[in-house]
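Participant: Input sequences plus hints: build the corresponding full structure.
There are 2 protein chains.
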Amino acid sequence: MKRTSYIGQLNESNAHQTVILQGWVGRRRDLGGLIFLELRDRSGTVQVEVEPDSPAFAEADTVRAEYVVEVEGRFQLRPEGQRKGGLGDYEVIASRVTVLNAARTPPFELEKGDQVAEDIRLKYRYLDLRRPEMQRHLLLRSKAMAAATAFLDAEGFVQVETPMLTRSTPEGARDFLVPSRLNPGEFYALPQSPQLFKQLLMIAGLDRYYQFARCFRDEDLRADRQPDFTQLDMEMSFVTQEDVLDVQERLLAHVFRTVLGVDLPLPFPRLSYFDAMDRYGSDKPDLRFDLSFVDVTDLFRGGEFKAFTDAETVKVLAAPELTRKQIDELERVAKQNGAKGLAWVKRDGDSFTGGISKFVGEQAAALIERTGVEPGGTLLFSAGEWKKAVTALGAVRLSLRDLFDLAASGPRFHVSWVVDFPQLEFDEETGSWTYMHHPFTAPHPADIPLFGTGRQGEIRAQAYDLVLNGYEVGGGSIRIHDPAVQAKMFQALGFSEAEAREKFGFFLDALSYGTPPHGGIAWGFDRLVMVMADAGSIREVIAFPKNNRGVDLMAESPSPVDQAQLAEVGVEVRPEG
Amino acid sequence: MKRTSYIGQLNESNAHQTVILQGWVGRRRDLGGLIFLELRDRSGTVQVEVEPDSPAFAEADTVRAEYVVEVEGRFQLRPEGQRKGGLGDYEVIASRVTVLNAARTPPFELEKGDQVAEDIRLKYRYLDLRRPEMQRHLLLRSKAMAAATAFLDAEGFVQVETPMLTRSTPEGARDFLVPSRLNPGEFYALPQSPQLFKQLLMIAGLDRYYQFARCFRDEDLRADRQPDFTQLDMEMSFVTQEDVLDVQERLLAHVFRTVLGVDLPLPFPRLSYFDAMDRYGSDKPDLRFDLSFVDVTDLFRGGEFKAFTDAETVKVLAAPELTRKQIDELERVAKQNGAKGLAWVKRDGDSFTGGISKFVGEQAAALIERTGVEPGGTLLFSAGEWKKAVTALGAVRLSLRDLFDLAASGPRFHVSWVVDFPQLEFDEETGSWTYMHHPFTAPHPADIPLFGTGRQGEIRAQAYDLVLNGYEVGGGSIRIHDPAVQAKMFQALGFSEAEAREKFGFFLDALSYGTPPHGGIAWGFDRLVMVMADAGSIREVIAFPKNNRGVDLMAESPSPVDQAQLAEVGVEVRPEG
Numbered sequence: 000m001k002r003t004s005y006i007g008q009l010n011e012s013n014a015h016q017t018v019i020l021q022g023w024v025g026r027r028r029d030l031g032g033l034i035f036l037e038l039r040d041r042s043g044t045v046q047v048e049v050e051p052d053s054p055a056f057a058e059a060d061t062v063r064a065e066y067v068v069e070v071e072g073r074f075q076l077r078p079e080g081q082r083k084g085g086l087g088d089y090e091v092i093a094s095r096v097t098v099l100n101a102a103r104t105p106p107f108e109l110e111k112g113d114q115v116a117e118d119i120r121l122k123y124r125y126l127d128l129r130r131p132e133m134q135r136h137l138l139l140r141s142k143a144m145a146a147a148t149a150f151l152d153a154e155g156f157v158q159v160e161t162p163m164l165t166r167s168t169p170e171g172a173r174d175f176l177v178p179s180r181l182n183p184g185e186f187y188a189l190p191q192s193p194q195l196f197k198q199l200l201m202i203a204g205l206d207r208y209y210q211f212a213r214c215f216r217d218e219d220l221r222a223d224r225q226p227d228f229t230q231l232d233m234e235m236s237f238v239t240q241e242d243v244l245d246v247q248e249r250l251l252a253h254v255f256r257t258v259l260g261v262d263l264p265l266p267f268p269r270l271s272y273f274d275a276m277d278r279y280g281s282d283k284p285d286l287r288f289d290l291s292f293v294d295v296t297d298l299f300r301g302g303e304f305k306a307f308t309d310a311e312t313v314k315v316l317a318a319p320e321l322t323r324k325q326i327d328e329l330e331r332v333a334k335q336n337g338a339k340g341l342a343w344v345k346r347d348g349d350s351f352t353g354g355i356s357k358f359v360g361e362q363a364a365a366l367i368e369r370t371g372v373e374p375g376g377t378l379l380f381s382a383g384e385w386k387k388a389v390t391a392l393g394a395v396r397l398s399l400r401d402l403f404d405l406a407a408s409g410p411r412f413h414v415s416w417v418v419d420f421p422q423l424e425f426d427e428e429t430g431s432w433t434y435m436h437h438p439f440t441a442p443h444p445a446d447i448p449l450f451g452t453g454r455q456g457e458i459r460a461q462a463y464d465l466v467l468n469g470y471e472v473g474g475g476s477i478r479i480h481d482p483a484v485q486a487k488m489f490q491a492l493g494f495s496e497a498e499a500r501e502k503f504g505f506f507l508d509a510l511s512y513g514t515p516p517h518g519g520i521a522w523g524f525d526r527l528v529m530v531m532a533d534a535g536s537i538r539e540v541i542a543f544p545k546n547n548r549g550v551d552l553m554a555e556s557p558s559p560v561d562q563a564q565l566a567e568v569g570v571e572v573r574p575e576g
Numbered sequence: 000m001k002r003t004s005y006i007g008q009l010n011e012s013n014a015h016q017t018v019i020l021q022g023w024v025g026r027r028r029d030l031g032g033l034i035f036l037e038l039r040d041r042s043g044t045v046q047v048e049v050e051p052d053s054p055a056f057a058e059a060d061t062v063r064a065e066y067v068v069e070v071e072g073r074f075q076l077r078p079e080g081q082r083k084g085g086l087g088d089y090e091v092i093a094s095r096v097t098v099l100n101a102a103r104t105p106p107f108e109l110e111k112g113d114q115v116a117e118d119i120r121l122k123y124r125y126l127d128l129r130r131p132e133m134q135r136h137l138l139l140r141s142k143a144m145a146a147a148t149a150f151l152d153a154e155g156f157v158q159v160e161t162p163m164l165t166r167s168t169p170e171g172a173r174d175f176l177v178p179s180r181l182n183p184g185e186f187y188a189l190p191q192s193p194q195l196f197k198q199l200l201m202i203a204g205l206d207r208y209y210q211f212a213r214c215f216r217d218e219d220l221r222a223d224r225q226p227d228f229t230q231l232d233m234e235m236s237f238v239t240q241e242d243v244l245d246v247q248e249r250l251l252a253h254v255f256r257t258v259l260g261v262d263l264p265l266p267f268p269r270l271s272y273f274d275a276m277d278r279y280g281s282d283k284p285d286l287r288f289d290l291s292f293v294d295v296t297d298l299f300r301g302g303e304f305k306a307f308t309d310a311e312t313v314k315v316l317a318a319p320e321l322t323r324k325q326i327d328e329l330e331r332v333a334k335q336n337g338a339k340g341l342a343w344v345k346r347d348g349d350s351f352t353g354g355i356s357k358f359v360g361e362q363a364a365a366l367i368e369r370t371g372v373e374p375g376g377t378l379l380f381s382a383g384e385w386k387k388a389v390t391a392l393g394a395v396r397l398s399l400r401d402l403f404d405l406a407a408s409g410p411r412f413h414v415s416w417v418v419d420f421p422q423l424e425f426d427e428e429t430g431s432w433t434y435m436h437h438p439f440t441a442p443h444p445a446d447i448p449l450f451g452t453g454r455q456g457e458i459r460a461q462a463y464d465l466v467l468n469g470y471e472v473g474g475g476s477i478r479i480h481d482p483a484v485q486a487k488m489f490q491a492l493g494f495s496e497a498e499a500r501e502k503f504g505f506f507l508d509a510l511s512y513g514t515p516p517h518g519g520i521a522w523g524f525d526r527l528v529m530v531m532a533d534a535g536s537i538r539e540v541i542a543f544p545k546n547n548r549g550v551d552l553m554a555e556s557p558s559p560v561d562q563a564q565l566a567e568v569g570v571e572v573r574p575e576g
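If you're matching them up, the sequences are chains A and B in order. Counted the way numbering that gives the first Met the number 0 counts, the first sequence spans residues 0 to 576. Counted the way numbering that gives the first Met the number 0 counts, the second sequence spans residues 0 to 576.
It is worth saying that the hints were derived from the structure and are not from the lab. Just so we're clear, the structure is a prediction, and the values are computed from it rather than from any experiment. Wrong hints could be hidden among the right ones.
Claimed, not checked - Here are the simulated DSS-like cross-link-like pairs (lysine-lysine), alpha carbons at most 27 Å apart as the crow flies:
hint, chain 1, residue 1, chain 2, residue 2
1, B, Lys-142, A, Lys-142
2, B, Lys-386, B, Lys-339
3, A, Lys-122, B, Lys-502
4, A, Lys-387, A, Lys-357
5, B, Lys-339, B, Lys-387
6, B, Lys-122, A, Lys-502
7, B, Lys-339, B, Lys-283
8, A, Lys-339, A, Lys-324
9, B, Lys-305, B, Lys-339
Facilitator: And the structure:
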C-alpha cells in the first residue's frame, strides 16, 4: 500500500476521491458514536471520521495519540457550518484504518508544545520536531540550502569540503580539541571556520569557492549560541569589494524569492560603520523602522550643563510619550550598556518639563526643530565619549522598538550593508592595536599611508557586514594579497616576523607562492534561517541543538568515557582541584 | 580591470577580439627575442606571446613560473602548422602584462606533479591543486554535490544537519573523542555516521531526509581510508526496499548525466549476496567484464582427488593462456585471500596438461563444455568451504582483470545492486551471532520465523549495496519498526533487555513513540567521486586529505598543545609506557 498523496497536497480537485494517507494521529475525539482522528504528516493535517458501522471502526478504536496509521477513505467537503478554511473545509470518511505502529503516551501534548519547558522539548526532540512549526523551520532551512546551492553552482562557485580535523586558526576563540591516537600526545582542533582553507583554495586557483561549513567554538554559551554552528562560506578571486557585494545581493535575493516568495529590493542600502554607529548606535542597526539619533553636541557647547558641555558627543532620540516607569526601565537599559544615566525631558508646548528640563531652556526651540518631537513626546539624551554614548543610546533605541512594536510598521525584512569598518582597534586593556576582523583583512588602498602614523585608528578596512532586521547575518572582507601591506599590518599589530611565522606558519608560506587578489564572506546560516522563519532562537531552526551547558539532553552527550577508551587515545581526565 | 572571460570559455567567436585574462603563469619560454607565457586559470590554458616591441615586454620580462598576472591582448589563431587543437590553436598577442603578485620558485614543477612524491604534493597542496587534473576532480565533486542536491530537493527530501558533537553510535569502529570544558571529565564523540539521527528524523515525521554528512572513524588507516570522510546520507518513511532502490537509481542516473553526460541504463541489475559471492567471489563484484565462476563440485564427488572430493565447493575460473610465472603470482593472491593453494590445468586439445591434470582425466570433457575454456587456456580451481573458496577465487578474478585489462572491454561504468544480505553472521571467534549491517536492519518478513531456530544464518536482511565498477559506493537497509521483531533481533544477538538499553538507551525510547516504517542508504561520496573521476585514490578527490598516519602535512596537524589549553578542557596527556 502506498499513500495517494501527502495530506497537504489534497485540495478540491480530490473531492469525492478515495485517498490513502499515512501519518500520525494527533487528537482523537469520540462523539455521538463516531471517532474523529486528526491525521498529520509533514505537509498538513486533515480530519478523519470513522462511522460506527465502518469496517474501519474496530481498528480505529484502538488508536491513541501519536500512533502511526494508514487511512483509506473518501475525501469530501465537511458539512456547511463546520468548515474551517483550507484543509479544515474537508474530511476523510474512513473505510480502512491500519495501525502501522503503536505509540506510548507522549510526555507532552504536541499541540501545546510551545508552552512546554525547553528542556523537555530537547529531551524528546523527535516528538518536538513533529510539531508543524518545527517542521516548517527545518523545511525552510533545507529549501534555503538548496536554493543557495543552485545559485552558487550556476554562478561558477565550487563547493569544497575543508578539513574537520585540523589545527588552530586565528579566529581567537577557544578550540575544541581531539586527541590523536595515531600520534600520541598530539591533538587536532575542530575548525572555528574554514578561513585559512578558503584562502588556500584561492591560492590554489579554484577561483570561486563555497561550502556549508560546520564550525566549532568552545565559548561560554550565552543565550543563542551553539558550540557548533553552520556558515555558508564563500571566497572569490580577482575581485573587488563591489564584486563580492553584487554576488551576495543576488544570492540573498534568490534565496528569499525561492524560499519565501519575498522580493528584496536591490541594491541593498549601505551604511558606513561610522554612520551606523553615529545614527543608530549599532554596527548592525535594525532599519525596519526609521528612528535615528539627532546630534545636538553643538547646542550645549559652552553651556551651563556640565555633563553635556564637556561631552565629546551629545545625541538625542525622540520617543513617543513615556511613563515614568518606562523611562526608568530605559535608563536601566542605558546603564547596562555603559551609560552613567539617561537624561530626558518631556515636550510641553514649546518648552520641556521634567528630567533635565531646567538645563534645556535656551535650546528648546532648536531641539524641537531638529528632533521633530511631538507634543507630549519624550527626548532621551546620551552624552559622553562618542562610542559609549551612541552604544548606550542604540540599546535604548531597540528597547523603544520592542516597547512600541516599531518594527511592525516597516517591511518584513530589511537588509543593508555596513561597510568601512576600522582596520584596527586600540585595546585599552593591553595598550596595543588589534585587528577588528582578522589579520588578513585588506585596508582601503587610500588609507595605507596611515599605517605607523598617529592616525592608525582611521584606517578603513575593506570589510563588510550583512545586516538583516538588526542581526548580523554575514561578514567578510577583501584579503591582503600584497606581502608589503601584510608586513605593515603585522607591524601595526606588534607581531615580529618570527611571531607572525609562529602564529600563521604554513599559511604565510602559501601566500608567497602566487596569491591572487581575493575576498569573501561567511553567512551565519543558523541566524539567517532564524530571521527568515521568524523564530525566537537559533535552537528553533537546528534539528538537534545543545542547551546552554553544551549538553544534548536527548542523546545525553557529552558523557563519561571508559578508562580503556581514554588510554587508547593517550589522555586521562585531569584530577579535580 | 576585470577579465573578459575565463580562458576556457574562449573560442573561435573571440578571434581578433581584445581580451583580458587573469591567472597563473605556467612555463615561460624565451625564443627569438619573444617571450611566451603559458597562462592558466581554472578553466584552461592559453599561450601568450609578447613581442620585443610590445609595451607589455618590460613587465612580462619580470615574470616567472606561478606569478599571478593579468594579460590584455588580441586573441587570434596561431600560424598554420603550430596549431595543437582546441585552445592550442590560438594565442594571445599581449599589449599589456600586469603582475598582480609575484611567486617564489615552486618546490616542484606543476606539469610533472603526477610524478612527485605524494608527501611533497600534500605539503604544498595549494600548489598541487593548481594542476588541471586536480581542479577537474574538485569541480566534478562540486557538480555532483549540486546535482544530487537539486534532485533530492525536487523529490521532497529535506536536508538536515545532524550533530557533530555527539555520542557513540553502534557502527562499532573507534570514536574520535572531544573533551567537554563545560562538563569536566565528560567527552563528546564525533559521529561515525548520522545513522541514529536520521532514524530519529523519520520518527520525527520528516518523511524524507538527506545530508552530505561528515563522518569520523578512528581506524588504522589502510591504503585508501581517511579519518574523516563524506557520506551522502538519506532516509525515507513509509517505504519498501523497492521505493528506496527506485529513488537511488534515478538519483545516480541524474548525477551521472548532469556531471559526466553519461546515461546509466536503468534499472540497475540486481544480484543476491549469495549469487554475487557464488559467481564472482565478492559482495561488490566488478561486472564491467563477464568472467564468472563455474561450479564443478559435482564432477569430483566420489572421485580420487581428495582435495576436491571432500570439498564443500569446487569452483573453476577459465582464464586465457597463462605463463608459469603468472600462475605463481595468482596462487600468491589466492593464498593471501585465505586459500591453501591454487590448482590449475592447461587445455591441450581435448585434455589437460600441467598442474593437477592427472586428476581431471575423467572430467576433461565436462570441464571443457562447462567452462568453454579455449585451447591453450588455463583453468584455475578453488575448493573448500564455500565462502573461503569463492572469496579466494574472487581475488584471483580481479588479478586476471588487472593482468589482461579485462574491464577495458566493458562499459566505462557498471552499476548493480547486491541484495538479500544475511541478517546474521556467526562469529567463529566469539561463538555468537552478530549483525552484518546494524542491529536495526529489518529481516525479510518471510524469514522472521527462522529467528531462534537452527537456521538463523539463512535469514535474509532487507539490506542492499550499490556497486560501481567493483567498489561498494553505497549501502543501506529497511529498518525494523516493529518492537516484536526488534526483540527477536536483540535476542539473536544475545542482548538482554538491560544490555540493549545500555547500548542504545534513548534511541529505544524514541522507537516506542510512534515509528513509521522506514529505510535508507548512505553513499560513500569520496569513493563514488573517485570512480567517476577515474582517480586512483580518494585522496585525489579530497581537497586537503590526511596521509596514512592521519597527518595533514600542510597544516602540520595534529600537533602538541599547551598545558594550559589542555588544563582548560580538563585532560592531560597520559605518560608513556
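Participant: Now look at each hint and say whether the structure bears it out.
Facilitator: Checked hints:
1. For the proposed pair B/Lys-142 and A/Lys-142, the alpha carbon gap of about 18 Å is at most 27 Å, so the pair holds.
2. Straight-line distance between C-alpha atoms of B/Lys-386 and B/Lys-339 comes to about 14 Å, which keeps the hinted pair within the 27 Å bound.
3. For a cut-off of 27 Å, the pair hint linking A/Lys-122 to B/Lys-502 stands: about 18 Å separates their Cα positions.
4. Under the criterion of a C-alpha separation no larger than 27 Å, the hint pairing A/Lys-387 with A/Lys-357 is consistent with the structure, at around 25 Å.
5. Only pairs whose Cα atoms come within 27 Å are accepted, and B/Lys-339 paired with B/Lys-387 is accepted, the gap being roughly 10 Å.
6. The straight-line distance between the Cα atoms of B/Lys-122 and A/Lys-502 is roughly 18 Å, inside the 27 Å bound, and the hint therefore holds.
7. A threshold of 27 Å between alpha carbons decides the hint, and for B/Lys-339 with B/Lys-283 the separation of about 23 Å falls inside it, so the pair holds.
8. Between A/Lys-339 and A/Lys-324 the CA atoms are separated by roughly 18 Å; this keeps the pair inside 27 Å, and the hint holds.
9. In summary, the hint linking B/Lys-305 to B/Lys-339 is supported, as the alpha carbons are separated by about 14 Å, within the 27 Å threshold.
Checked against the numbered hints above, the structure violates none of them.
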